[in-house]
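Residue numbers (numbering that gives the first Met the number 0), protein chains in the order written: chain A, 0 to 624; chain B, 0 to 624.
Hints listed in this document are in silico derivations from the structure and should not be mistaken for laboratory results.
Be a bit skeptical, because a hint or two may be false.
Same chains, same names: a pair is fine if it fits in one copy or spans any two.
[Said to hold, decoys possible] Each computed SDA-like pair below joins lysine to any residue, with the alpha-carbon atoms no more than 25 Å apart:
| id | residue 1 | residue 2 |
| --- | --- | --- |
| 1 | LYS255 | ASP524 |
| 2 | LYS599 | LEU545 |
| 3 | LYS599 | TRP586 |
| 4 | LYS5 | HIS591 |
| 5 | LYS5 | SER604 |
| 6 | LYS599 | VAL581 |
| 7 | LYS5 | THR554 |
| 8 | LYS599 | LEU582 |
| 9 | LYS5 | PHE560 |
| 10 | LYS444 | THR176 |
2 protein chains.
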Amino acid sequence: MYSMAKRLLVGPPLATAEEHHTRLGRPTALAVFASDAVSSTAYATEEILLVLMPVAGLAALDFLVPISIVVAVLLTIVVFSYRQTIYAYPSGGGSYVVSRENLGVNASLIAGASLLVDYILTVAVSVSAGIAAITSAFPVLRDQRVWLCLIAIGVMMLVNLRGAKESGRLFAPPVYTYIVSLIILVGYGLYRVFLGGLEPMPLDEELLREIASNVDDGVAIFGAVSMLLVMRAFSSGAVALTGVEAISNGVPAFKKPESRNAATTLVAMAVILGGAFMGLSVLASHLEPVVSEEETLLSTMARYVYGGETPLYFVLQFATFAILILAANTAFADFPRVSSIIAGDGFMPRQLANRGDRLVFSNGIAVLAVVAGLLIVVFGGETSALIPLYAVGVFTGFTLSQAGMVRHHSAVREQGWRRSQVVNAVGAASTAVVLAVVVVSKFTKGAWIPAALIPLIVVGFKVIHRHYVRVARALETPADYQRPHRRHTVVVLVGGVNRSALEALAYAESLRPDRLIAATVVTSDEEHERALDDWERHGLTTELRLLHSPYRDLTSPVLSFIDEIDEEWPDDVITVIVPEFVLEHWWEAALHNQSALMLKARLRSRPNTVITAVPFHVSRPDGKT
Amino acid sequence: MYSMAKRLLVGPPLATAEEHHTRLGRPTALAVFASDAVSSTAYATEEILLVLMPVAGLAALDFLVPISIVVAVLLTIVVFSYRQTIYAYPSGGGSYVVSRENLGVNASLIAGASLLVDYILTVAVSVSAGIAAITSAFPVLRDQRVWLCLIAIGVMMLVNLRGAKESGRLFAPPVYTYIVSLIILVGYGLYRVFLGGLEPMPLDEELLREIASNVDDGVAIFGAVSMLLVMRAFSSGAVALTGVEAISNGVPAFKKPESRNAATTLVAMAVILGGAFMGLSVLASHLEPVVSEEETLLSTMARYVYGGETPLYFVLQFATFAILILAANTAFADFPRVSSIIAGDGFMPRQLANRGDRLVFSNGIAVLAVVAGLLIVVFGGETSALIPLYAVGVFTGFTLSQAGMVRHHSAVREQGWRRSQVVNAVGAASTAVVLAVVVVSKFTKGAWIPAALIPLIVVGFKVIHRHYVRVARALETPADYQRPHRRHTVVVLVGGVNRSALEALAYAESLRPDRLIAATVVTSDEEHERALDDWERHGLTTELRLLHSPYRDLTSPVLSFIDEIDEEWPDDVITVIVPEFVLEHWWEAALHNQSALMLKARLRSRPNTVITAVPFHVSRPDGKT
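Produce the complete structure using the sequences and hints provided.
Structural data, given as structure tokens:
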């Protein structure tokens, strides 16, 4: 049943030898790697306004373009910094690898934990923003958004368990449609504003009042835009940078010369991302839209610029949905890959490094889907509730990766390393400052969650690693290791003389032990006599020991009996044989005392003791079929 | 941990020999056995009014005394019928036993299922009515009634798991206090009505309106009291008879002459029960109280008769609570006892016939508490919602028990058997008619639940019995049974050459099998080579088979390998040995592939195959502590 359902959903298994890769040309690579970064334009501008507007009203719009310029400058710094990484690590330089090589184990574990948190949030944020694009176009669906998000995550999980190839053919159409739609929106919108005399959007007084009533912190008391608020708004806008590091991880996927093509693609991506982000901010500052959680900013502005729900409007909404789903999908490739690397280093459960039937890291895919789904449920599928959690992991990764590069240049001293080192140092310092701004300004808004979680994950990594080291040490076998020779005592536990007990006794004899004892638990003198009689009547010659249990408990008398016979020989191994029913239906197990199970659990931790269940097939008592 | 908590809550275990019984004198026996029957006076009159009043208003009171007289006549018939049972079954004649002996297996199973349903409802109804007595006195507690009921059930469960003796000293005070309180209430109430000029209670118009708004069926359309409604009211009143059969079960608990003392006590109990029930109905018909679910009828009338919340009022409320809890407690003795008898006959899981640490049938006690607790939660702790479910089981038991007695007299033909047979025939016929009335009139009100459940339980009984018969047949051992002699093949599954694998190999050698093979699963040619090298390097001479698994699945290659070697010898038994890590912490299991577990599950159903896990203690790799 299980395996049939699995075949149907996941497809037939693939052999290890069937693994292969295709190299990507620059336009396709741009589509594949840019989806994560570029898709953040769908919500970054809106998130800035969602911080400012409830407190400052339309005055918020004055801050939008300045904050966006700071974000764009930060983007430029980060992009130049990552160009160094691309050339230094042509085999792929994610922040876990770069930190491990240059900053040591602890830094790499922090980077790894940040990455995992980051990927989980990429799925949660992108999916909820993608569904928001759909519910903005079709408001009746808004109350179903949590379900819609979970369905999207479920579908992505299945697709990835099947082993979707990162085919450029799949990525290119939605990514380029989204980019073109944004260009049309910004271009046509600004054209109408400056040349077509488009007025700012009419004020929706009621909506503004409602937004103002959401004010929930001290900032509003001053009735002004405080420094803290600006920092918060900037922190929200900074999520536009997520996904910029993707290309540096994926250098080997480019056609030759890999590093050069990757670096060029990175710059192209940054230009598109920065341009679209700035364009949307400028457009918003002229249209003066009032943001709410009911409809996305993109949808509000497109509806106004296009004068209603025109075909172009729907193209934009669906393209937004599509690119955000693709962005989430990249996390489904990256999370399992990074966790398999960390698991390979012994810091995460080994199963995360196992390839499933379809050659993908199935366990990592499932873990990501479940955790992201939980986040969606807990935060009600609201993008803006998840944003404060997002930036912490992203900027921790940036900072460690760039700091690692600074050390890398000192160590390698390649041509022109001093200049490169300065670039990376500026990158590391800027992202570190942003990280501090994010944690401080958004701490009470949710940033405390990753700030607490990342160290906890690092502690978990270390505990797991210590366990694996301990096991490896215990398994070590010196070349001169002599296998111990031991005498063998076999104890057969029987409930009475019946077919299953006799089968178990026959099996025990076939082991040819040094000593064979049958034991049975009796709770009264009558049972004692009856057991002896039965034994004699069946002409059994095996030594029988009757264990008295006045309290009708089966485990303790057996345990003390085994302790007793264990003391006779110092070097023996004891095998305890228990007859066990093999039943046809699962519910039948409820009709039998599970004392054998209890005994098994208790004997497992006893040294030099092996417990063996001899199965008795109730439906085929004669054995061989 | 678990066993410490158990000792604290349940007490130290008792030896089988510690079981003993005390015989009860008549006054104490009356207290012990009457609690169930007499306690129903606390709600029976009220339940009649709760059916009639929402439709007929105060006209309902005209029907109260006539219906009560019919119930009292029925009580007389049933009591005389049960006197026959007491003399015929001095060792205890519950309806399960009487039906089994006289009517055959099927009838006894129906009786058994009815009894179990009946006991569960005794707990649910008595506890909710008992808590209603408390919340009537302290209305602030009414919203907490479900919790209060669950606490009461939990306490009873613990007390019974400890093995409370049915001590007369415990039962007598509350039972006699309740009886005396009722006599005072009825006596003083009627005195005030007839000689003190007490007027009927003032009409609470609002309450009457509220009650009238609850009307929810077609009966009300006619604005009159229809036949169906009267039948329903009578069915509710008939629950007064529950518990009458208790004495016939408990004859052996009486002092000698047992049957005679039991019969006398039964009549005394019936007089008290019938008198109190009639008295309350007469009092109610004069006081004209308006019933509601907010306050019990007893509480309403006592408050009015005593002119407020006097000490006598509180004594009555607490005595009502106490006797109802005692009534529920008798089910905690009866349910486990009856289910142990049924389990002993092989119709219920065998564990229900096992005595726990404290010599009580612990599993039955726990099952009763859980199911009754669920009923309380589902029906919101409302007595009147549970009443329609109650009478079906009770009257099914009565009918089968009395019908069994009719057959008994024909078979035994004791002195004067014809007269006795007529008595039982009248009893069987009357209770059968009442059963039909209950099922028909209350079907849509909840009687369908037991009407559907009892047959389902009977089917469950039969399925369980068939299973046990099948197992017993499979275990049968003819006297000339020859234990098969078989050749022994041992397969050791190893993941690589390490200490745990070497220990498992040493263990396998100590079994001195006819054939020993080590097997390891490899997923690539490199792994193949490496495994061979390791084997040679450690100088291992055991035959090594390399099982190729291109799809990285561990179970299937092992299974087909075992099939393959199993074909070589037709008569062999195969032992599969798997090294298994014994870890210190439960969570460490999540860090290892559980492929051995999967393999175990798959091999369990294979004939002539034994799977043995050789434990490797990671924290004590050297073995003996």
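Structure-based check of all given hints:
Proximity of LYS255 to ASP524 under the C-alpha cut-off of 25 Å is found in neither arrangement, the shortest distances being 87 Å within a copy and 31 Å between copies. Proximity of LYS599 to LEU545 under the C-alpha cut-off of 25 Å is restricted to the intra-copy arrangement: shortest distance 20 Å within a copy versus 31 Å between copies. Taking CA atoms no more than 25 Å apart as the test, LYS599 paired with TRP586 passes in both settings, with 21 Å inside one copy and 19 Å between copies. Taking the closest pair of Cα atoms, LYS5 and HIS591 come within 25 Å of each other only across two copies (23 Å); inside a single copy the shortest separation is 32 Å, beyond that limit.
Taking CA atoms no more than 25 Å apart as the test, LYS5 paired with SER604 passes between copies only; the shortest distance there is 22 Å, against 36 Å inside one copy. Within a single copy, LYS599 and VAL581 get their C-alpha atoms as close as 16 Å, and across copies as close as 12 Å, so both meet the 25 Å cut-off. In this assembly of identical chains, the alpha carbons of LYS5 and THR554 lie at most 25 Å apart only when taken from different copies (16 Å versus 40 Å within one copy). In this assembly of identical chains, LYS599 and LEU582 lie within 25 Å of each other by CA distance both inside one copy and across copies; the values are 18 Å within and 15 Å between.
Proximity of LYS5 to PHE560 under the C-alpha cut-off of 25 Å is restricted to the inter-copy arrangement: shortest distance 24 Å between copies versus 47 Å within a copy. For the homomeric pair LYS444 and THR176, neither the shortest alpha-carbon distance inside one copy (35 Å) nor that between copies (62 Å) is at most 25 Å.
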